[in-house]
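Line by line, the protein sequences give chains A and B. Just so we're on the same page, the working numbering is the position in the first sequence counted from 1, plus 37. Just so we're on the same page, the working numbering is the position in the second sequence counted from 1, plus 37.
Check the hints yourself; a few may be wrong.
Identical copies go unnamed one by one, so any copy, or any two together, can satisfy a pair.
Under the rule of at most 30 Å between Cα atoms (straight-line distance), these lysine-lysine pairs were calculated in the DSBU-like manner [to be verified]:
no., residue 1, residue 2
1, LYS364, LYS200
2, LYS248, LYS47
3, LYS274, LYS47
4, LYS200, LYS47
5, LYS90, LYS356
6, LYS200, LYS190
7, LYS274, LYS200
8, LYS39, LYS200
9, LYS241, LYS90
10, LYS190, LYS356
11, LYS200, LYS90
12, LYS364, LYS190
In short, the hints are calculated from the structure, not lab data. On a predicted model such as this, the values are computed, not experimentally measured, just so you know.
2 protein chains.
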Amino acid sequence: MKPAFEVRLKANSYPVYLGNGLLRSLGHLCRHHEVPEYVVVLSDTFSGRAALKGALAALRRSGFRTLSLGMPAGERQKSPERVGQLHTAMLRAGVPRQAALIALGGGVVGDVGGFTASTYRRGLTFVQCPTTLLSQVDSSVGGKNGVNHPLGKNVIGSYLQPKFVLSDVALLQTLPRREVITGLGEILKYPFVGDPSLLDFIEKNLGQIMKRDQSTLRRMAERCLCIKTQLVSRDEKEQRARGRNLLNVGHTVGHAIETLSHYRIHHGEAVFLGIIAEGWISVRRGWMTDEPVHRLASIYRRLRCRFNLDGISTASILKSVSSGRQKFILPGDGGRLSVVNDVTPDELREGLRFLGGL
Amino acid sequence: MKPAFEVRLKANSYPVYLGNGLLRSLGHLCRHHEVPEYVVVLSDTFSGRAALKGALAALRRSGFRTLSLGMPAGERQKSPERVGQLHTAMLRAGVPRQAALIALGGGVVGDVGGFTASTYRRGLTFVQCPTTLLSQVDSSVGGKNGVNHPLGKNVIGSYLQPKFVLSDVALLQTLPRREVITGLGEILKYPFVGDPSLLDFIEKNLGQIMKRDQSTLRRMAERCLCIKTQLVSRDEKEQRARGRNLLNVGHTVGHAIETLSHYRIHHGEAVFLGIIAEGWISVRRGWMTDEPVHRLASIYRRLRCRFNLDGISTASILKSVSSGRQKFILPGDGGRLSVVNDVTPDELREGLRFLGGL
Chain A
38 MKPAFEVRLK ANSYPVYLGN GLLRSLGHLC RHHEVPEYVV VLSDTFSGRA ALKGALAALR
98 RSGFRTLSLG MPAGERQKSP ERVGQLHTAM LRAGVPRQAA LIALGGGVVG DVGGFTASTY
158 RRGLTFVQCP TTLLSQVDSS VGGKNGVNHP LGKNVIGSYL QPKFVLSDVA LLQTLPRREV
218 ITGLGEILKY PFVGDPSLLD FIEKNLGQIM KRDQSTLRRM AERCLCIKTQ LVSRDEKEQR
278 ARGRNLLNVG HTVGHAIETL SHYRIHHGEA VFLGIIAEGW ISVRRGWMTD EPVHRLASIY
338 RRLRCRFNLD GISTASILKS VSSGRQKFIL PGDGGRLSVV NDVTPDELRE GLRFLGGL
Chain B
38 MKPAFEVRLK ANSYPVYLGN GLLRSLGHLC RHHEVPEYVV VLSDTFSGRA ALKGALAALR
98 RSGFRTLSLG MPAGERQKSP ERVGQLHTAM LRAGVPRQAA LIALGGGVVG DVGGFTASTY
158 RRGLTFVQCP TTLLSQVDSS VGGKNGVNHP LGKNVIGSYL QPKFVLSDVA LLQTLPRREV
218 ITGLGEILKY PFVGDPSLLD FIEKNLGQIM KRDQSTLRRM AERCLCIKTQ LVSRDEKEQR
278 ARGRNLLNVG HTVGHAIETL SHYRIHHGEA VFLGIIAEGW ISVRRGWMTD EPVHRLASIY
338 RRLRCRFNLD GISTASILKS VSSGRQKFIL PGDGGRLSVV NDVTPDELRE GLRFLGGL
């Protein structure tokens with residue numbers, strides 16, 4: 038089977054497989070990539086029974102020994118305690134050092150699974166099998182994992198590159214509407230990170246996207262993954278001044294909103310708002326025409342999004358972003374991104390006011 | 038400054054500096070190796086005030102911003118809870134992602150520090166500054182870290198190779214007698230892993246070693262590190278059939294004794310006993326003459342060791358090792374090591390009986 042993309046790294050390059058009905062080949066691909074005999078499959082209540090059944094069956098058909106571990110869904114599961122509970126369950130079951138862990142689910146399962154795999158007996162083989170739009174187009178690639186701490190989001194974690202990523206677009210067919218929008222929120226950063234015409238594509242195909250049309254979702258995923266795999270290949274551990282960090286456009290405001298909502302507003306939704314607010318700051322600086330921001334706002338309205346910002350005041354966002362020092366990745370005309378740390382409280386207020394008028 | 042050894046790895050090769058009074062150069066070496074500006078120094082109550090003062094002063098002289106974090110001493114500190122407390126302290130202090138952590142202490146500080154560094158904001162730059170004989174000759178090199186779980190020793194951990202290792206032999210001058218013996222216990226595996234004449238050296242210089250004679254300790258450390266750095270360079274993550282795992286000679290019985298004593302018997306002491314017991318199994322198999330084992334026993338007696346095995350029955354060791362399945366690295370004549378998993382309960386009983394007669 039030919040991978041759609043390859044992440045090229047100094048030590049551990051790996052392929053990203055993307056297609057309809059690929060889950061059936063999970064066992065076959067694990068054999069091909071010499072995954073150890075003992076495979077732990079981690080899923081949450083959100084991964085879907087059909088996906089879990091399909092994954093386990095595919096692995097068993099190829100002769101793997103499997104252990105299925107489940108956890109509740111939701112961002113609150115991204116905690117050191119949850120990782121500790123998984124370690125305990127794996128030790129009780131006698132999972133050996135030569136084993137693999139497959140994260141079957143969305144971003145939360147990928148984060149918790151990646152961190153669990155990277156710290157169990159000094160590291161298991163890791164495979165990403167994303168089942169949501171957001172994880173298929175973005176979070177399953179790049180090896181970042183992390184759990185939250187009362188003092189910060191994703192501050193406990195590591196890099197663990199997967200052996201391979203398997204994205205079965207067919208799994209998106211049963212995705213709840215809210216999850217499609219969450220994925221779209223994250224996707225909407227890519228027009229500003231190297232693929233401006235992706236915005237045209239999304240506007241033109243919004244109906245098909247919301248209908249979970251397989252071929253539309255696949256083409257959209259391909260365009261995102263093309264950028265993501267390139268950026269990760271160039272800057273595995275986010276150490277360059279203009280590398281992976283460019284993917285954080287919209288994330289400074291986004292993270293603040295997500296955290297202040299106590300994760301009531303999901304990551305992709307918060308990033309959607311973040312890109313619009315940060316885009317508006319760029320407009321005010323004269324770095325970008327207002328057209329793309331209005332187009333984002335129009336998509337927001339066409340989707341009838343009404344993210345509930347109750348209780349999240351401008352003052353609390355200002356405080357959380359501690360403006361004047363926090364880094365922002367601001368979009369610009371022609372896909373030119375700027376990394377700045379001099380956004381003023383007034384500019385931020387203007388960006389948030391624009392959100393308020395959506 | 039020229040390093041004594043170099044660990045050569047695919048992605049991150051690094052030097053090991055070894056010498057008298059090197060601690061003074063810590064800041065200089067951190068500059069040379071482009072360590073980030075913000076440096077967390079982790080030590081325990083056992084690291085020694087002089088060492089901590091010296092390290093902090095050297096770093097500040099070179100202009101680094103330092104944060105000193107302490108923890109109690111002892112194997113019980115190797116816990117996920119301790120790592121969590123250090124994460125919290127670092128988040129409270131605002132330690133950024135671009136920072137370094139220096140483990141200043143023995144094996145416990147190295148393990149806890151390495152794991153903390155590898156999981157804080159997806160990985161800090163890590164420096165090993167070992168202050169005990171055991172950590173200088175062995176555990177500071179190789180990148181292994183780990184904390185304990187009620188269900189197993191070192192089962193939660195990762196690989197994080199340091200940027201460099203700085204071993205100041207002068208720090209050993211104030212080392213308690215018990216710590217010298219603990220170090221020797223671990224060192225006594227090296228005659229069986231490629232350096233048979235090291236046993237002659239130790240026998241001849243035992244008095245000087247116990248007097249913490251600088252040049253003797255240094256020559257001994259050099260011989261151990263020569264083997265360790267080679268094995269790590271060939272097999273970074275212990276994946277070869279005959280690689281790093283060969284360094285685990287004596288460790289199957291050793292780990293069992295250490296754990297069953299609830300860490301009352303220290304790691305190196307337990308390994309000392311483990312090498313003797315496992316050596317005796319080799320003798321009974323006809324794989325080795327009994328001479329080296331009797332020489333080890335004689336060193337044990339010359340040191341007037343009387344490790345207290347009260348409450349650690351042969352039956353409990355047998356159960357812990359679950360013989361017949363657990364891997365043993367058995368020594369042989371001419372430094373030939375065998376990796377086996379067929380040690381019978383009777384053989385193990387014989388080995389333990391030999392210990393009883395020491």
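Measure nothing new, just compare the shortest in-copy and cross-copy C-alpha distances for LYS274 and LYS200 to 30 Å and report within, between, both or neither. both (17 Å within a copy, 16 Å between copies)
Within, between, both or neither: how does the pair LYS90, LYS356 come out at a Cα-Cα threshold of 30 Å? For LYS90 and LYS356, neither the intra-copy (46 Å) nor the inter-copy (38 Å) Cα distance is at most 30 Å.
When no copy is specified for LYS200 and LYS90, does a C-alpha distance of 30 Å or less occur within a copy, between copies, both, or neither? Within one copy only: 22 Å inside a chain, 45 Å across chains, cut-off 30 Å.
Up to 30 Å between alpha-carbons, please classify LYS200 paired with LYS190: within, between, both or neither. both (26 Å within a copy, 27 Å between copies)
Go through the copies and call it for LYS39 and LYS200: within, between, both or neither, with a Cα cutoff of 30 Å. So LYS39 and LYS200 pass the 30 Å test inside one copy only (15 Å; across, 38 Å).
At most 30 Å between alpha carbons: which applies to LYS241 and LYS90, within, between, both or neither? neither (35 Å within a copy, 66 Å between copies)
For LYS190 vs LYS356, is the C-alpha pair at or below 30 Å within one copy, between two copies, both, or neither? within (16 Å within a copy, 44 Å between copies)
Regarding LYS364 and LYS200, is the shortest C-alpha distance of 30 Å or less found within a copy, between copies, in both, or in neither? between (32 Å within a copy, 27 Å between copies)
Is it within a copy, between copies, both, or neither that the alpha carbon of LYS274 lies no farther than 30 Å from that of LYS47? Both: 11 Å inside a copy, 16 Å across copies.
Quick one: LYS248 to LYS47, C-alpha cut-off 30 Å, is that within a copy, between copies, both, or neither? neither (40 Å within a copy, 47 Å between copies)
Classify it for me, LYS364 with LYS190: is the Cα-Cα distance of at most 30 Å met within a copy, between copies, both or neither? Intra 16 Å, inter 41 Å, cutoff 30 Å: intra-copy only.
Is it within, between, both or neither when you check LYS200 against LYS47 at 30 Å Cα-Cα? Result: close both inside a copy and across copies, 14 Å intra and 18 Å inter.
Figure legend: structure checked against the earlier numbered hints; hints not met, in rising order: 2, 5, 9.
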